[in-house]
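Spelled out, the chains give:
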Amino acid sequence: MSEPLDLPLRDQAAAIAAGEVDAAELLEATLARIEARNPAINAVVATFPESSREMLAAAPVGPLHGVPVVIKDEWPLPWRAQRFGAAEMLAETAPGESGPYRALRDAGAVVVGVGNMHELGAGSTGNVSVYGPARNPWNLERCPGGSSSGPAAAVAGRLVAGAVGADGVGSIRYPATYCGLTGLKPTFGRAAMEGHHMAGISTTIVSGPLCADAGDCRLLGSALCGEELRAGNANGLRIGVVANEVSEDVAPAVREACEAAIEELRQATGGETREVELPELAAATLATVLIANSESLGNVTPERLNNLDPELSPLGRGLLKYRLMLPAAAIAKAHQLRAMARQRLAEVFEQVDVIAWPTVPAVAPPLAAPLVELPSGTLTADAANVRSGALANLTGIPAISIPVGSSEGLPIGLQLQAAWGRDELLLDAAEALEQANGRRWVEAAPPLTPAEQAGA
Amino acid sequence: MEASHSADEFIPAALAAFGVKADEIELAVMGAAHELLWPPILELLGFDAGGVVSEPAPDLSQAPPRR
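Line by line, the protein sequences are chains U and L. When we follow my numbering, the leftmost residue of the first sequence carries the number 1, and every step to the right adds one. When we follow my numbering, the leftmost residue of the second sequence carries the number 1, and every step to the right adds one.
No lab work stands behind these hints, which were simulated from the structure alone. Computed from a prediction, not measured in an experiment: that's the story for all the values here. A couple of the hints might just be wrong.
As the list claims (entries may be wrong) - Computed footprint of chain L on chain U, listed as stretches where at least three residues anywhere in the stretch have a Cβ under 8 angstroms from a Cβ of chain L:
1. 14-20
2. 341-349
Unchecked claim - What follows is a set of in silico ranges between Cβ atoms, one per label pair, in the way DEER data are often shown:
3. U:VAL300 with L:GLU55: 48 to 58 angstroms
4. L:LEU42 with U:PRO49: 49 to 59 angstroms
5. U:ALA58 with L:LEU45: 48 to 58 angstroms
6. L:ALA14 with U:PRO375: 32 to 42 angstroms
Just so you know, even glycine gets a beta-carbon here, dropped at the ideal spot from N, CA and C.
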């Protein structure tokens with residue numbers, strides 16, 4: 001058997017259930033690995049060995065019994081309040097039992113650490129955080145993606161086999177792509193969100209799993225959703241493709257890998273590809289940004305903005321203040337756009353089962369300067385990535401990012417989006433694609449040890 | 001007026017109206033955000049929604065009701 005730490009999440013769970021792996025030993029080995037490997041990638045910003053051991057001692061015999069996982073710094077734990085990657089988060093926080101924590105606990109999992117994240121969840125790169133940035137295990141000078149930077153880097157760095165992220169505007173899918181993982185953004189409202197400081201306010205954020213492959217996402221996602229995401233098949237898959245900037249204003253290597261993966265998926269499922277039209281996509285992207293940013297304004301007052309923690313980044317401070325200036329008329333229009341986009345997608349999903357395009361248009365950019373080169377020119381990664389990720393958050397549909405290639409030694413991801421409640425189909429399709437490419441990309445591993453990193 | 005030019009007037013005026021202070025770096029961040037967001041915001045304001053009205057309290061876990 002491989003080192004238990006290196007097994008997929010579902011194999012760890014199965015080995016513990018079969019008595020082949022001792023959960024207490026796995027926990028201690030995980031803590032030791034975090035201590036050894038984390039300094040290079042800064043994926044995990046807090047561990048609490050005694051609380052983890054207590055969690056294991058009380059763990060019920062559930063589908064994740066004894067399996068160590070990392071949770072993003074976005075939810076409280078009974079022994080730790082979330083910090084949202086920031087020195088100040090403009091919301092009251094306190095330790096407590098969040099929904100994802102309860103879901104993990106009730107499934108028997110052990111929270112072994114808190115994952116780093118982009119400050120205030122406000123970036124797709126992960127290069128800004130009160131803890132310092134997490135680093136991409138594939139290249140320590142590159143962005144891990146955000147905002148769920150730490151969960152992604154922790155899984156890619158094989159600190160744990162699964163982690164819980166959050167996706168308000170692509171924040172699971174971007175880091176999944178940059179780090180070569182599979183990341184599922186469930187249908188809005190389907191996965192546990194209680195205890196999040198924006199629960200009941202945000203209409204875009206969901207919790208979701210980041211794992212090496214779709215099978216592990218199915219297991220961890222089932223725990224978060226409180227119901228089994230049953231395996232089916234993707235036979236006869238009708239794949240929608242769009243001829244606009246999300247598919248075309250893309251780095252050539254990304255475009256080539258994603259087009260090849262779409263063709264592989266079509267062949268593997270005996271399906272077909274059809275061109276679909278989403279004429280409101282660009283406007284819908286802006287609508288998502290406006291809605292997501294305005295929803296967080298409830299706790300903002302001029303007095304608070306004038307007394308922000310000086311440890312908050314200048315970027316974070318400036319953006320918080322700029323949010324005040326978003327015009328109400330544009331936000332009202334954004335809600336009209338949301339209605340239009342949802343109607344459009346409802347019609348599109350009568351013609352196709354999934355819509356496919358690159359999760360992000362270019363591989364992970366440098367931490368020091370997160371810019372990407374696209375056919376249209378140089379863009380900030382945030383401005384480029386939001387075009388691909390926002391639609392699912394605006395409309396509530398599920399989406400998944402699947403590793404499908406590599407360029408410059410960095411992973412490439414394909415995004416599939418499906419109709420509301422068809423999260424299972426996305427996992428089925430991802431598994432079909434994994435089989436079609438011989439699991440080449442989900443089993444690819446970055447340089448993990450200091451010696452490997454030195455040689456990379 | 002170009003967004004990059006209007007930022008020089010709009011942002012200080014808006015901050016003053018709200019009674020919010022900002023240092024030079026924050027102003028630069030806001031200026032960059034404004035340059036990026038304001039032109040598409042203006043486009044959005046002119047967008048013809050074709051009579052579509054916002055869904056009141058939309059259930060985002062499901063498809064919208066058929067029109």
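Run the structure past the numbered hints and jot down the numbers of the failing ones, going up. 1 and 3
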